[in-house]
Structure formats: C-alpha cells, structure tokens
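K.L.:
Model the full assembly from the supplied sequences, consistent with the hints where possible.
Line order of the protein sequences matches chains E and U.
Everything in the first sequence is counted per the numbering used here, starting at 1 for the first residue and increasing by one.
Everything in the second sequence is counted per the numbering used here, starting at 1 for the first residue and increasing by one.
Honestly, the hints are just simulated from the structure, not real lab data.
A quick note: this is a predicted structure, and the numbers were derived from the prediction, not measured.
Hints are supplied without guarantee of correctness; some may be wrong.
To be verified - Pulled a few chain U residues facing chain E out of the computed Cβ check, cut under 10 Å:
1. 81
2. 85
3. 92
4. 95
5. 151
6. 154
7. 157
C-beta atoms are modelled at their ideal positions from N, C-alpha and C, and glycine is treated no differently.
Spelled out, the chains give:
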Amino acid sequence: MADATADQAETQSGPMLAADGTPLKRSLARSLRMQRIRALMLVAPLLIFVLLTFLSPIFDMLFRAVENRIVGDTLPRTVEVLKDWDPETSDVPPEAAFQALYYDLFLAAEAKKHTRLGTRLNYEDPGISSLFRSSGRSLDDLGEDHIEAIEDTAKQDWREGAFWYALLGGDAGEPVVESARSQFVALEGETPRGPVGVVWCGLRNVVGAPCPPSLSRMPLNFGLSNDAMAMLPTTSLQYAAFGVFTVLEDGEALQEEDPWEAVYVAMAQDLAAPDAAAKVAAYTGPGAAELQAAQQAIAALPPISFRDGFAEIDEDWLDPTVWRSIKAYSPKYTPGYFLNAVDLEMGPDGVQARPESQQIYVMLFKRTLIMSMAITISCIMLGYPVAWLLSNLPDRKANMLMILVLLPFWTSLLVRTSAWKVMLQQQGVINDTLVWLGIVSDTNRLVMINNQFGTIVAMTHILLPFMILPLYSVMKGIPPSYLRAAKSLGANNWTAFWRVYFPQSVPGIGAGSILVFILAIGYYITPELVGGTTGTFISNRIAYHISSSLNWGLAAALGSILLVAVLVLYWAYDRIVGIDNVKLGG
Amino acid sequence: MLDTATGDAFVEFDRVQKSYDGETLVVKDLNLALPKGEFLTMLGPSGSGKTTCLMMLAGFETATYGDIRLGGVSINNIPPHKRGIGMVFQNYALFPHMTVAENLAFPLEVRKMGKSEREQKVKRALDMVQMGDFGGRRPAQLSGGQQQRIALARALVFEAELVLMDEPLGALDKQLREHMQFEIKRIADNLGITVVYVTHDQTEALTMSDRVAVFNDGKIQQLAPPDVLYEAPENSFVAQFIGENNTMEGVVTEIKGDSCLVQLDGGALIDAKPVNVTKAGERTQVSIRPERVEFNAERLSPDAHLLDAEVKEFIYMGDIFRTRLSVAGNDDFIIKSRNAPDQERLKPGQKIKIGWLAEDCRALDA
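P.N.:
Have a look at this one:
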C-alpha cells in the first residue's frame, strides 16, 4: 500500500490530490472557508459602518472635483449650439446661441436655478454671477412688443389657459413632453432611483409609508396636438416645457394656466417663419381665427433678435469671454477645479497660468509641506531624548513620565491651542517675562503668533505624543545588551549610540514621522487659530471653500491633491526606508 | 582557598563588595585571582552574585568597595570600552542591522584599523568558528548555534586576552550545547586566552573549566578544579549544588584520623570522613553520592557499618539504573548503578543492606 502511494505520487503529474481524490487545493480552500466567513463576519460591522459613513461620502466628495453636470443640465440647448461655435474665428456666437440661451435661461430662472449656474461659472470667470442674476430677472422683457402684439389681437382668448390648451394640447406628443420632463428633472437635480432605492421604496410600500413620488414618475395629465406640433413646432416645445413646470413644480393643471412669456416668444418666432402664413391659413382647428389675426400682427413687426435682446439686458452678453467660459465648462466632467487648485486655468489656447493676483494654491501646498516637515523634525528633536529616557527608566518612573507625555491627550485641543495664544502673543506670558528680564525692550516685543513660528510651536507641542509613543515602543524593544556589547567591543558612548542604538531606533523615527507628518499636513484647527495669514495650511483653504465660498468642487480638488501628495510621500518612504521598518508597537 | 595574593595573577578581585540599594550586599568580600590562560567558571544559583561579578569585571557595574585589577592595574575607573575585554552575551547581542562580517569588523573599526587588515582578521575569526561562508548574512538569518559562534568570533576578533561569557549557551538545545561547550573550550585553549565563564549549569561548569568558583549568597563557597569540587565538596551547599547527593543528619560519635562514626537521627551508625567536623558530639550533615553507595555486601569491607534499606522505586535510565530507597526514615535516598551484564535489578519492596567506603561519605557542616 505504501509503495502504491509512493508510485502514485511519483507518476502523478497533475495537482496534488487529497485522500478522497479531490484536488488538495480545493479541499484546503473548503476547510478554510468556514474560518474565513467567521473572520469576515467579525469585521463586517465595522466595514459596513466605514463604507457607509466614511468611504462613500469621501468618494462622493472627491468625485465633485471633476463633476460638472450643472452647465449641461441648466443650459442644454445652448451647450448643444455652442458645440459648433469656434471661439477663435468669431467674437460672439450666432443668433441661434442667444435663442437657445433665452429658452434655457428662462426655464432656469422660473425654477430659480440660474443663480446656481452663475455661482459655478463665477469660479472660473469672476463677475459672471451677477450677469446671470440680473439677466434672470429681466428675461421677461425680451420680445415684449411681440408678446403684446399677439395678446392685443384677442385679449380675452390669449389670456385663457383653456384657449391655449385647445390650440396646442391634445393626446399626442409624448416624446416631446417626456424630453421636456427629463430636462426639468435634470435641472432640479433629482437623480433617478438606483436599485437600492427601488428595493427601499418597495419595502416602504409594503409597510404602508410609500416614498414620495419622484418627478420622473408623477403623472402629467396632458399631451400635445399633432396639428399644432406641425404648424408651431417651437411653440409646442416651449408649451410642453411650461406644462411640465406647471404640473410638477406648481402642482396646477396645465388647462387652467396662461403660459409664460417664453411660449409667446416661441409663438412669435413660429408665426414669423416664411411658410407660417400658408400653414395658418390652411388650419381649421380650434382658435384658427385668433391665430390668423396673430400671424398678421406678427408679420407687421420685425423678427425677434435675441442677440439684441440680451445686449439690452446687459452689454456683457456681447463679451466673448462669457461665452468662452460657458463653452469651456460645458462638458459633464472638467479638469477645471484641478487646474484651479494648481493655479492654472483653461484659456483660449489651452491650459495657462492664472493671473498672478489669483495664484495662491501652489504656494499654500509648498508652505504646508515645508511647515509639516519642520514640525516633524522638531518633534524628532524633542521627542527622541524623552523616548530614550522613558525606555531606560525603571517602570515606576517611566509610568510617571508617560503620564506627563500623555497629558496633552487628556486636554481639549482647543484649550491647548488657546493656551499657546496666551503664551505667545505680544502681551503674553513669554513676552512679558522677556521684557521683565530686560532681554527685550517693551517697544520691541517679539511677534511669535499669527505667523509660521506660532503654528510650528503649537503644532509641535500638539503632535509630540505621536512621535514619542512609537519611538518609545521601538526603543523599549532594543535590549540594553546591544549598547553594552558595543562598549565591550571598544566603542565609546557616542559611537555605540550612533552605530548600534540609533540604527535600531530608526523604525520608530519612521513610524513617528509618518504619523506626525500626515497629521500635520491635514491639520486645520491649530493653524486656523494661531497661524494668522502666513501660518495657515492648505486645509484652512479647503475648509474655507467648503463652508464659506461653497466651491465644493475646488475644495474636493484640493483635498484630492493633498491625498495624492500623502500617498506619493508614503510610497517614496516605502521605497527609501521600507514600510517593514515601521513599527508602531514593540 | 588558593593563595590569591600572588603577583602573577592576571585578573584579580581584591576584597570587592557590591550593593545596589545601600542596604544589602549582593557581593560580599570577593577575593579571586586567576592566572593568564585559565578557564574559570562562576557557578551558582540565580541571585548568587556571579553575574554581578562579571559585570563589574566588564565595567558595566562599579564595585562599591574594593579593587579589580587586570594585569596588575586597577581598572575600577576605566570605562568599559577602554578595558579591551571581549564579551559574549547571554542572547549574543549581535547587531541586527549589520551583517555578520560587519558585526565582526565593528570592534576593529572603532580601533581605527585599516580596511585590508580588518578584512583579513574578520576572515580568520570566521574561519576559526567554521563560519567562513556566512559573512554576508544577517544575524536573523542564522540559527541559534551559528549566532553563538559569531558572537564568540566577535568577542575574539580584536584579540582580547580576557574574554567574559555570560551564560552563552543558555538558549541552545542540549545537543548543540554540548557540542559548543567542546568548541569553546578548544578555541580558548588554542588561543591561550583567559576566560571567565558564568553559568548556572553545573555540567557545563564541570566539563569546561580549569577551576570552578561556586557562588552562593554573594560569596564564593568553594573554588576548585571540577574533580575536587565533585568529589570533595567543602560544605553542604556545594555538595548539594554539584551533582546529586544523599544527605542525612546526625551526630558525630567518634573521630579516628581519616574516618569517623556518625550516629544518624534514626539511631543507626555509619562510617564517614570528617570534613567540617572536628570533635565528637558535633551535629553534622553527611553527604554521599548515589553512585558510591554499594548494596552488594561482597564488595564492602567486612567491618563496614551497614544500613537496612527497602527499595521503593526502580527506574531504568539506559546507561544506569536509578533506585529510590527508604533508608533510616529517608524515603528519597537514591542509588545509581551501572547497567552492566551482571548488575542486579532491584525490585520495589525488596529489602537490602547498603554501605559505602568511609572516604566517600563526607561529614559536613550541619
């Protein structure tokens, strides 16, 4: 039997088999599966918690650094028209662009979303925000003469919602209505429900507390007439947009509402078309007489010029830079935030440096890196001797000292930072002492806070324990016999330390440095409180964009760059020192 | 004690005392001298002061009182790195961040030796411990025995005349330990170096040393060559500490020159050799090695005093038989007999008579 097995093992060329003939690998995997599942279940609660509350928001946030749907969602037709516009050859885009902008902006203004777009474009082209805000208000006045001309032909009819619906409404035109709806949904920023949302709402239905209906599913209860769509295409389109807005936003029935100015303007455009007279004459449906009268009234007026209309609202609309900005930032994803984060922008000839007065981030990144390094180095200088003492004292005394080291952890960060303010300010403890000792004259008090010095001092103090603890744990693991051995071999105290002890404590320095540096590079509160203007970090700028300027995209881009910088440094550290050489615990 | 005041002593402890806390003495009045080339072992239970003595010699501890001399010069105030004493540590203390060759070159480097000379010496030291091919390895890549050899080579590479070893074989398994004992002894003899060796393992002490200093309670109990130590312990501590021993208490009844009669507490009379007793009537502790006990009456002299014994247990140990007896109220009396073809194998419950030569049974201090 033993021989047979041996022969089998020798002749067998395939994978190793277990006793029952299944491949050994599979049977090993099976026997370990239970163990793995158990391990996974132990980790699962934390994993899910971190995924839901930490990682997914972070990725969502970082995604905002490139996401730029707002321009396309707010001005879909304008973006479409501008695709064919070459900013190199013509100063101002064609009439079609102004026309598209009118209809897009009109709807956006009614939905009060035009200022949002203004704010977004303002990041790239300062001043554009007020242009959008004022234009949104004045858009009703564009094409005033034509609107009045149509109304004047039969006021009692044109001011009736029912009349309009009889003229334009019907049972057909679902694609047009639905495309108007999807444009409105995009403008409102409602994203369709994902699979999880569907299951969730299904559950809520069962429980009897259904989800509120989504905009894309609410019934609209209106359609368009085929005749009107053939005869008045632009009008039908705008009427559909008005209908969707009326039903979904105002919750009114379309049949009872007098349409907004854009529908009149569209009507005026349709009636001014070259073959409009013939089509209207051939039309016999509801409101045929009124339509003919309106057609004649419009024919008497010059055609609407959207370009002139916009120029009248604000001269800036004839400034090509506005249009360039809209075109440049029309794609769904943009490198704009990242370019901004490194003091660049997209110009007519591609990427270019921002004006000098706006360059700030590269300098801030550099300062953050340099100051973090300074903090790390001062932590090593101050922490190393303490850690050495800690690891060489008898246990009782070491515990006492350890409590002193840990004391800062038990005090609020804010309190510690404020204490530094008291210490360092010009009327503070240190200055007072120096003046009293006569080292510094009363008029020449040292400036030690609200600058880089203050930030470095306060942060070194705050981050020191993160250096001492890993150093201590590594040093604790170096037996004293190494130093003794070195001395017995003839090395004096310094050589023994430098050649034997120090190299073995390097992993501790590495671990402490990584901790301190990474904490420092993203530190916010302390630089904010004691940094003044010259001692603030990039994180302070990120916080500013998150909470004050609300430019989340830029904040996300800055944050991403910071994250990448840390990862690159970590990678470099791994290459140079080796991450195996980092010890956080004995 | 041997005469310690001779002028040609290489290492000398002169009335050395050591206290850590100012209240108790860890080393009490130590006097010890060893000539060049001697292999001296300090043997004793833990806390007996032997390691402290070694550390004082190496310079890592300072003597509270007394003088330590090396080659006739007091080294009390010389820092360890200037003493030029090689040392092998308990856990080898090989520097983990250096290769084997760098470890060996370290003492030469700090002595500012030239590169070629350094390499030559390192090579010679590695060859000496038969580790010539391991220069490029890190200590962590070596087995315990190999690390041991490297530690030894490192202590020898700078040609120290005195080498201290602090339980260097403690971390090795039995077989390797025995092999290394032989190896260390061979190298030490070849180089003619003086070795002070600390251990708590008596076998190690007996097999390697020229002389053994048995420490207890901060004092040297006996300083003697291994055979003397084993066969002629001077007091009951040494007798018990070195090897296995049967002890019985009693009172000396009669001393006649080289032998005496002792009446055990149970009433029986035995022959013994007076060592620490001087007159009849003194209490004594007699000590007899298990292998010197004879139960075959034919081999004993006719006038010897015999004791009644009952076999309690018989243990077969391969080369020897180990038998536990109940003798004069002592249930732990052990005898050992060689596993020879004609040797009788005792059975539990068997009643026998035992005896010994008077010179093998030493009457020591009570």
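K.L.:
Please name the hints from earlier in the document that this structure breaks, with their numbers sorted from lowest to highest.
P.N.:
Violated: none.
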